[in-house]
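> Residue-level listing of the chains:
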Amino acid sequence: MVADGAPGQREGGMKLPLKARARGMSCCLVCHQLVTMPAGGDPRHCPRCGARVHTRIDGSLMVTWALVITGTLLLLPANILPVMTVIYLGSGEPSTIISGVMQLYHAGLWGIALIVFVASIAVPVMKLLGLIILLIQIQLRVPLIPLQAMKLYRVVSGIGRWSLLDLFMISILVALVDMGAIAQVTAGPGSTAFATVVVVTMTAARSFDPRLIWDAYDERRAAVHEERDTRAQEQQRGAPGNA
Amino acid sequence: MDQGQHRRRKTWQRACHECDLLLLDAVAPPGQKLVCPRCNATLHRNPKNSVHYTAALSLTGLLLFVPAATLPLLHFSIFAFGGENTLFNGVMSLFDAGYYWLSSLVLFCSVIAPLAKFLLLTFICWGSAWALLDRPVGLAVRWYQHLKEWGMLDVYMLGVLVALVKMSDLGKMEVGPGLYCFAAMMLVANLTTLSFDQESIWSRMARRASGKVA
Ligand SMILES: [Zn+2]
Ligand SMILES: [Zn+2]
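Chains C and X supply the protein sequences, listed in that same order.
If you read the first sequence in the working numbering, its first letter stands for residue 1295, the second for the next number, and so on.
If you read the second sequence in the working numbering, its first letter stands for residue 321, the second for the next number, and so on.
Be aware that a few hints might be false.
With a straight-line Cα cutoff of 25 Å, these simulated DSS-like cross-link-like pairs (lysine-lysine) come out [unchecked claim]:
#, chain 1, residue 1, chain 2, residue 2
1, X, Lys353, C, Lys1445
2, X, Lys368, C, Lys1445
3, X, Lys368, X, Lys468
Far from chain X by the CB rule (all over 10 Å, computed), these chain C residues [as the list claims (entries may be wrong)]:
#, residue
4, Pro1332
5, Leu1423
6, Ser1485
7, Asp1509
8, Arg1515
9, Gly1532
Calculated from the structure, these hints are not laboratory results.
Here a beta-carbon is modelled for each residue, glycine too, at the ideal position from N, C-alpha and C.
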């Protein structure tokens, strides 16, 4: 079931798992073929599927930061501007995402209210927060356990698509309820902002390279081991002199 | 020393795409999956008869697409007035109202990407049998991998259900025949995603290439 663990690489008494980068190889992210990289860290084309292969996604942290910041800024108009207006028998006012959820809740449809809340409020916010945590964790070398960071990464990259739920619902209602003065549903400008948030966050999760989590972790461990080794050496050197 | 290193390098078969760990296994045994021992990423799933199942399922999906896209999904009426919803007319209304970006996103995620996934998989599964089509099939696999997460039939289905419940107190809501086809198509799309294994396509192509050389 589980693959054989790669034999450890011993370097200066320290045991680190052997990574493809250390052997000048890389994994094609499209077809998962193991590719030998040219010297100097240049990208190349995968011999099997033709996609570009980088040892790590090019400029991953910068691009992800840029997209995360864009997404966070767009979250404001997406939540403040109305996404939809339901006019029923001549009356009705524009509703934002949050007021839409509240309306559902007050109508007693708390199950649906919960679904819409999770999909259109909790998911985008969690996604942006999760990515920010991952980015900060790598850049400031916060000692987060990598397996937990990976869990966060997988949740963040898996849930993003569900936030389009509200927009699909709007597109359905706009066509369905179109009876002039009696009942009509129209979209609002907030929906455009929200659509952009979803696309931006999905692209951000794609541009984040999880291998950087492990790079940061291994570097941190290597530093700790090195420190321990030098201290041990100093003690050894000091010991005969004392005796 | 140099020779020994060379021999050892040849045994590396795969690197984890999420933590870069080198592994000695390339593929999972049939019916099982290969998990990264370091980060628990699923490296490879090996469903049995992947190519045949995927070919059959994606063809079914294509057939279901026709009624799902043309028949009304929902029917809503207040007094004598009524409206219908198909996959396309929601997009059209949004486009007419000036929401170009939103309407193209909805069109892409609910129609274009799912349809393209079915078409690409059909082409990949049937086309990988001919040496002539090696390059286009490789390109199709690449496109499929990029498109994969943008096909959102399941999300759209949930959107339909939310709309159904939300509007049911305003007027009379009826489920159209298109919705049953749509639900079936969604199910088939998810099964297709599960049964498709690109490794079996690549190995099929590699086997043929080595057979021709020998
Ligand atoms: Zn490749
Ligand atoms: Zn891994």
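> Work down the list of hints and note, for each, if the structure agrees.
Tested hints:
no.: 1; hint: Lys353/X <-> Lys1445/C; in the structure: holds (19 Å)
no.: 2; hint: Lys368/X <-> Lys1445/C; in the structure: violated (28 Å)
no.: 3; hint: Lys368/X <-> Lys468/X; in the structure: holds (21 Å)
no.: 4; hint: Pro1332; in the structure: holds (16 Å)
no.: 5; hint: Leu1423; in the structure: holds (20 Å)
no.: 6; hint: Ser1485; in the structure: violated (6 Å)
no.: 7; hint: Asp1509; in the structure: violated (8 Å)
no.: 8; hint: Arg1515; in the structure: holds (13 Å)
no.: 9; hint: Gly1532; in the structure: holds (35 Å)
Checked against the numbered hints given earlier, this structure breaks hints 2, 6, 7; the rest are met.
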